[in-house]
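Student: Read top to bottom, the protein sequences are chains A and B. All residue numbers for the first sequence refer to full-length UniProt numbering, where the first residue is 1 and numbers rise by one. All residue numbers for the second sequence refer to full-length UniProt numbering, where the first residue is 1 and numbers rise by one.
Hint data in this document are derived by calculation from the structure and do not stem from the laboratory. It is possible that some hints are incorrect.
Said to hold, decoys possible - Derived DSBU-like pairs (lysine-lysine); straight-line CA-CA distance at most 30 Å:
1. Lys71(B) - Lys414(B)
2. Lys152(B) - Lys325(A)
3. Lys325(A) - Lys8(B)
4. Lys325(B) - Lys325(A)
2 protein chains.
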Amino acid sequence: MMRTRPLKVALLGCGVVGSEVARIMTTHADDLTQRIGAPVELAGVAVRRPSKVREGIDPALVTTDATALLKRGDIDIAIEVIGGIEPARTLITTAFEQGISVVSANKALLAQDGAALHAAAEQHGRDLYYEAAVAGAIPLVRPMRESLAGDKINRVMGIVNGTTNFILDKMDSTGAGYQEALDEATALGYAEADPTADVEGYDAAAKAAILAGIAFHTRVRLDDVYREGMTEVSAADFASAKRMGCTIKLLAILERAADGESVTARVHPAMIPLSHPLASVREAYNAVFVEAEAAGRLMFYGPGAGGAPTASAVLGDLVAVARNKLAEATGPGESAYTQLPVSPMGDVVTRYHISLDVADKPGVLAQVATTFAEHGVSIDTVRQQGKDGEASLVVVTHRAPDAALSGTVEALRKLDTVRGVASIMRVEGE
Amino acid sequence: MMRTRPLKVALLGCGVVGSEVARIMTTHADDLTQRIGAPVELAGVAVRRPSKVREGIDPALVTTDATALLKRGDIDIAIEVIGGIEPARTLITTAFEQGISVVSANKALLAQDGAALHAAAEQHGRDLYYEAAVAGAIPLVRPMRESLAGDKINRVMGIVNGTTNFILDKMDSTGAGYQEALDEATALGYAEADPTADVEGYDAAAKAAILAGIAFHTRVRLDDVYREGMTEVSAADFASAKRMGCTIKLLAILERAADGESVTARVHPAMIPLSHPLASVREAYNAVFVEAEAAGRLMFYGPGAGGAPTASAVLGDLVAVARNKLAEATGPGESAYTQLPVSPMGDVVTRYHISLDVADKPGVLAQVATTFAEHGVSIDTVRQQGKDGEASLVVVTHRAPDAALSGTVEALRKLDTVRGVASIMRVEGE
Chain A
1 MMRTRPLKVA LLGCGVVGSE VARIMTTHAD DLTQRIGAPV ELAGVAVRRP
51 SKVREGIDPA LVTTDATALL KRGDIDIAIE VIGGIEPART LITTAFEQGI
101 SVVSANKALL AQDGAALHAA AEQHGRDLYY EAAVAGAIPL VRPMRESLAG
151 DKINRVMGIV NGTTNFILDK MDSTGAGYQE ALDEATALGY AEADPTADVE
201 GYDAAAKAAI LAGIAFHTRV RLDDVYREGM TEVSAADFAS AKRMGCTIKL
251 LAILERAADG ESVTARVHPA MIPLSHPLAS VREAYNAVFV EAEAAGRLMF
301 YGPGAGGAPT ASAVLGDLVA VARNKLAEAT GPGESAYTQL PVSPMGDVVT
351 RYHISLDVAD KPGVLAQVAT TFAEHGVSID TVRQQGKDGE ASLVVVTHRA
401 PDAALSGTVE ALRKLDTVRG VASIMRVEGE
Chain B
1 MMRTRPLKVA LLGCGVVGSE VARIMTTHAD DLTQRIGAPV ELAGVAVRRP
51 SKVREGIDPA LVTTDATALL KRGDIDIAIE VIGGIEPART LITTAFEQGI
101 SVVSANKALL AQDGAALHAA AEQHGRDLYY EAAVAGAIPL VRPMRESLAG
151 DKINRVMGIV NGTTNFILDK MDSTGAGYQE ALDEATALGY AEADPTADVE
201 GYDAAAKAAI LAGIAFHTRV RLDDVYREGM TEVSAADFAS AKRMGCTIKL
251 LAILERAADG ESVTARVHPA MIPLSHPLAS VREAYNAVFV EAEAAGRLMF
301 YGPGAGGAPT ASAVLGDLVA VARNKLAEAT GPGESAYTQL PVSPMGDVVT
351 RYHISLDVAD KPGVLAQVAT TFAEHGVSID TVRQQGKDGE ASLVVVTHRA
401 PDAALSGTVE ALRKLDTVRG VASIMRVEGE
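Here chain A stands alone, though its shape is the one from the complex:
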């Protein structure tokens, strides 16, 4: 079964993940050979800065011309760990045109152009694997695409961004404010100098789009994902959450509508009960709940980022793609046959936790309660607290369409007894 001609691998990008992939390919070469059935050889490494010293990588393999590397005619598999849209997109397309299968860790590109890339892979009869694009080392794409291929996934809810989880965990455990916790995350290397992609939820939204497409066998684009960042979550919100027996997490939530005819995809901060397994996901860890009709509730947990964990996912895909190559077969491609539409955020059914600053006089609660009722939103609990002629009112609603909830908040803002809406947060996981 073993053949001796090696499969040749082009590594596109050699940053934190790429250098780890190259290192493991070298140190664990014998194991990879046994598990694949043929040796895999690092045949070229395309980089932007060729002068940078890369320990353990033969300088003769390094090139700045990724296109020429792909076109030289002997490459079997390309590993794309450049990230971002271009040049990654053009290079992956070039690879397929050259009959090269691709392993990618590129969530932004997959979320934006997954359909076109899958089509190019299929047209040329090649593989496109991307386990590393979502939740780092945690096996999630393969279990959802393959292990649950005979089941019906109804809901996915998870923490898919380590940076924001680290920040929120710090705020929860130390009482720190957002900025202080962000500064600590930056100092420790958990947040980038420009943390926008993480804290505004763009990174999580890209992963949500990819997971939603896989979960529901339909196409979900990045633009289809409702997105709210977590920069406005405050120490006061955490104090409110604690009073409710909750904590706050930035969640990606993908749901099939009750009638099964549409899906929703969203990323936003939310309160979840401390008893929920996602509440105890600490530091930069990721965890994803998957609810399927027959399987029930499954959870996958692990490191969601980092060089070595991401490399582990890349190499798992490399073994699979290399095995497929030897068998002259391909793995599962895009499955989007259900063509379920993605409904807007207003259709999502959820609960709200709303803090209002109100005038401390009789009749205010009645006025507020009437506003909720007029919008068809049922109140679960109200807590009223007076302080020097002002009062705060904390309302937790029952489940209602998000449109009705936001309509209620809009109307509350117009009441002259309501001085301000201090915070609004969804409540999930119950």
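Put chain B on the given structure of chain A with help from the hints.
Tutor: Same frame as chain A, but now just chain B:
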């Protein structure tokens, strides 16, 4: 890509799991067709009692002659959900001889004869998939075989038997004794009339053998797995565990030795800290920690048994095997190239929690401490408690080889100041 000639499936066994498989194959036929690329047709159902009414199954498909069903010449895939060694083993072998790929949920058979079955599958160029054999619906075999194929797994620790977890969880939360908790589990259908396979750890040991083989790419037979049941765990043990900030779980633990040259596999009850994620696995749920060199610590959690969850795993395998069949390829077979030997339990390095009934007189602690020292076992903590001329001594050790620990206990029993060894339990997860 879609073909219309259906792939024909023989269902061997139609109990709790089999009937659920048949139901989902019927109700979700269109989805399965889309995901596979061809329809799958239930072509025959082999049962022991043909007269039993099976809702939703065409009586014309039912037969008592499983061998004839496999040999009739048009079957592509067999699903074996009979369980036990025979006739399952002979039927699976017959299937391979007939060019039929097999999906099995049979942990006992895989643990005992996995190597021979894998060899038969490979000889005939067919697939043998068995995700459902370990931890029900939880994707575990595929993630370990495929997602982590580019990584090095060093440790697996998990709760892989739902019945015993239900019993231990009840004992923990209610203070009940073993028999009382077992009775409740039996009444609720979590334990079988004869609970031996579960409570004595045989079921968990079979799963441990399968997982160890996959994790370490070697052969681990059922006989290689050290096994202790949980029938002697008492309410007093839980009280001791609580004092240590621990609970008690029946764990399957698979480890690569520090020098990498051997592995160990064991199933026994153990104390684990309440802060460990496995401590909060409740009722009949399963959860498995996997520690890999690059990926770090991963956890997989979900329902470990039951008709629908197990059927979910079977159907995921059915989709994969059917796809392989259409591509005229096979999935990954047995990977046992490392040929790492399995070391005996005595080589395992762990910690002990030991409760001794001792005479309440001076010098006893010195005598006990000397015994530990003579066996090279270092003591972490000692708690001494006197009562009416008797005293109890609770010793928690540092990590030491299991052989040294059991040697110490043997020597302690011989001390005339030691009236008895009330309990011995390993401490894990720190």
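Student: Where does the structure disagree with the numbered hints, that is, which hint numbers, in rising order?
Tutor: 1
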